[in-house]
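Peer 1: Keeping their order, the protein sequence lines are chains C, X and S.
According to this note's numbering, the residues represented by the first sequence are 1 to 134, in order.
According to this note's numbering, the residues represented by the second sequence are 1001 to 1560, in order.
According to this note's numbering, the residues represented by the third sequence are 2001 to 2324, in order.
Hints in this document: simulated from the structure, not taken from any laboratory.
C-beta: ideal position from N, C-alpha, C; glycine also.
Treat the hints loosely; a few may be bogus.
As the list claims (entries may be wrong) - These stretches of chain C come out as covered by chain S in the derived footprint (C-beta under 8 Å, 3 or more residues):
{"#": "1", "stretch": "19-29"}
{"#": "2", "stretch": "36-50"}
{"#": "3", "stretch": "53-59"}
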Amino acid sequence: MADKKIRVMVAKPGLDGHDRGARVLARCFRDAGFEVIYTGCHQTPEQIASAAIQEDVDVVGLSCLSGAHRYLFPAVAKLLKEQGADDITVVGGGIIPEQDFQMLYDAGLKAVWVPGATLDSIVEWFRTNVQPRN
Amino acid sequence: MYFAAEVLEQSSTMRQKWEDEVRKVIAKNPDQKPRWSTVSDLEIRRLYGPEDIKDMDFANDIGYPGQYPYLRGNQPTGYRGKYWTFRMFSGMGDAKTTNQRWHLLLKEGQTGLSTAFDFPTLMGYDTDSPKARGECGKCGVAIDTLEDFMQLVDGIPMDRVTTSMTINPPATALWAMYCAAAELRGIPLTKIGGTIQNDMLKEFIAQKTLMCPPDPSVKLISDTVEFGTKHVPRWNTISISGYHIREAGSTAVQELAFTLRDGMEYVEDVLRRKGLDVDEFAPRLSFFYNSHIDFFEEIAKLRAARRIWAKAMRERYNSKDPRSWWMRFHTQTAGCSLTAQQPYNNVVRTATEALAAVLGGTQSLHTNSLDEVLCLPSDHAVQIALRTQQIIAEETGAANTIDPLAGSYFVEALTNEMEEKAWEYIHKIDEMGGMVAAIEKGFPQLEIADAAYTYQRQIDAGEKIMIGINKYVSPEATPIPLVEIDDSVELQQIERLNAVRRKRDNKAVKRALDDIKAACKKGDNVMPYCIEAVKSLASVQEICDVYREVYGEYRDPGLY
Amino acid sequence: MEKVKKIKGGDVRTASRLIRNLEDGVIEARSTIKHIFPLTGRAHVIGLTGSPGAGKSTLVDGLVESFRKKDKTVGVLAVDPTSPFTGGAILGDRIRMQRHAEDPGVFVRSLATRGALGGLAKAVGDAIHILDVMGKDKVIVETVGTGQQEVDIINHSHTVLVVLIPGMGDEIQAIKAGIMEIADIFVINKADREGSSKLRREIMAMLDMAPPETFAAGWRPPIIRVDNAFEPEGFGKSLEELSATIEKHYEHLVQHNLIGSRVRRKAAVELNEAIRNSVLEPVLNRLVQDGEIEGMIQKLINKETDPYTLADDVARRYLKECDA
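The following block holds chain C by itself, in its conformation from the complex (with noise of 0.2 Å):
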């Protein structure tokens, strides 16, 4: 019988290393029921479109709290898109300023969350947002 869950990447691109929203997310995601693969800290934007396409995830989920999301996110979007995955939605969270959230979506990310969010909304996007592919 077919049992189709959502896969979702948690990646930190760049060199910072606070992950405590990565990790509560993780474990959030787990506790909705998705399939989570967690990268760590300090990955390189290649590093991250290669392994979301090789776990053929449904969702990357990037983190940044360095102010360097303006260069790691669309990175991503676009190295995604190069290896025609652009399938797979990317979202991304951290200490970002509203006047950057046009340029984010303008790379291609489909939502962006910042401190304050609450779990449970952003569960509520996954589901109604991401289907399982086939």
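Given chain C's structure and the hints, the job is docking chains X and S onto it.
Peer 2: Quick look at chains X and S alone, frame taken from chain C:
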């Protein structure tokens, strides 16, 4: 016994009466919620009285300021001789921009400097490393070589102002730059003062600024402790930090316990590896705590920390010098207590947290700016944050008397409870074979992860409140001006680095780096070689690459 | 088949999607496997099992590096447990192997057990075939590591590594519980820890007690000590020794015609599993869709009948040639 028998008897009778009254009132008017607890989920009783602290021993548990066990502070004169150091953590863009901010802060009445480095510098990479893309100058200042560093301290009176540097794996390289800069400006090493954070254990536990495995990381730290003891006596070569542990989501007790146990680990390593006497180096160990939003819990934590450290130094390590028993510490208000929503509320949070730090007896304080949850702080926001400290010091009267909350039934009981719970953790880690062993097992990491998850769940469920997040939410955003680091900073910094590489004597650089490598392999102290290397204009990454090659690279095991 | 061609050409997207569909139980994915199966049999499959905290993922990471140095391509299947309460899983083995993420010669795939017992995921067998057909020289399978009997790994591997660490105490119990018999190579990981020699002696003693026919064609499982991963030099050297021993074991299998018996074991298990899928699953699906199963359960609760009678009924209806 802390109270005379008749006091306790009286209290017991009166308490009975009060309890009866409470029951009656509750029957009609129930409490707003069934359980009242601190932000760390420590349950708090409705009232504290003499029976809650009756077992205290005045001389051994409370005492006087400047006397063992230093519960009431290290200084006999409190803040009357000198307020805490107003030390605002700052760094942004390139060295020149940060230098300008430093001069502004000193002009505004700041009394000590504190350096924030950008991520490539913090992780020991040069700005042109592929791993550094997009990070240059974003969350601190970019330093590649001594040339940058000379610009950073340009015009700063290095013999008068103390400088703290938040730097961990590459601490030897950056401290070497500070020493070299002083020497080049004709200031002897005995005259410079400051702190390098240089606390790797909390990086493995919490903040993940990682380079080499735990054992060689601690070896490098012991090198700096030894070098400081012998040559830079006014320098705190390590700032044992609970701040990041707390920011990673720990409880107050975990912050207390893991930080102090980290401190003990460093003491034990220096004793074992360097053969110094404990009183030769222990007076220069410093600490760094978080001041979170739960006012009394934080005060109790800081008071308990002083008492635990004094006991540990005297009883565990047989230290004889009272200066080794002092726990001197810097405090920073809690970044994780701030909200991006309704950001002006952050001023109130920071002020409350700063007051707790002062009532807890901090020696040095950073107050967060209201916009730090969104970006690097603006000049205006930093000014408000600094003024917050100045108002607490000079207007509120909080500094008038020493340790004003001592003797409070509640504060003393909470202080005792936190100390007890901290010792439980410390003993548990002892049983595991020490902190390095506990870290390898993932013990502190997982304890913190559990606490962080529990807290987030409580916020989601509305059991813990954050105004603007899960209560009193306002739909419209409050726009505030944001500081942005231009992406062009990166290109300019790379150009500067390339210019240095062209003009320096690359053979001399290689020789200097080979000397560091040889010292690593032989187990010699690397510091003298690092100073020579930075003088030859070796870069931060070039020095760190030597460590990575000899000691191996540690990757985040990503425990969850 | 377009897909098979792509997988043969090493296409990562197609391969990972096929694994995904097999995990999800998508029926069409099985027909692709029909075309994959005849092409399999090239890869050397290495299984790793051992208790939690034994450092399996770090060891896999080191083995990948060692194989890559010899220009072997590597596929890794890392299994982590599914939470029985939420159905979710955190798959964290990959973290230790992320430095190979950009190496086109390495493919790492994490799988959740999704209720499968025995330390593996249901799709592992087919996933191994896929990596095999992708042209991976070595396929490394890392079991969950719950410390329970994880013996399924032997049905899928040519070479089984049992990873132990000193000072855990329960290791010997685990060995007694059945892991002992499946080891082709023992690894004492983190061998710098106290108790390493004791552990070694205990394994030796147990091997000494085993009847000689346990050791197929005279292969007595060697015990390899691996230094702490925090000591890069020693760890690297241990890993070279380990990968050389793994190669030696494979050569031993080839020389003594033992590959055949391993292949037979895997074939039997796969056939079993496939029959279950093809015969049982459609029947169960039908019963669920019709809602008939609910009625049957109710009858059992009411003690109107027993499970065997109901099962016989079902068999009579669906299986023509079976005299139930």
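Peer 1: Which numbered hints does this structure break?
Peer 2: none
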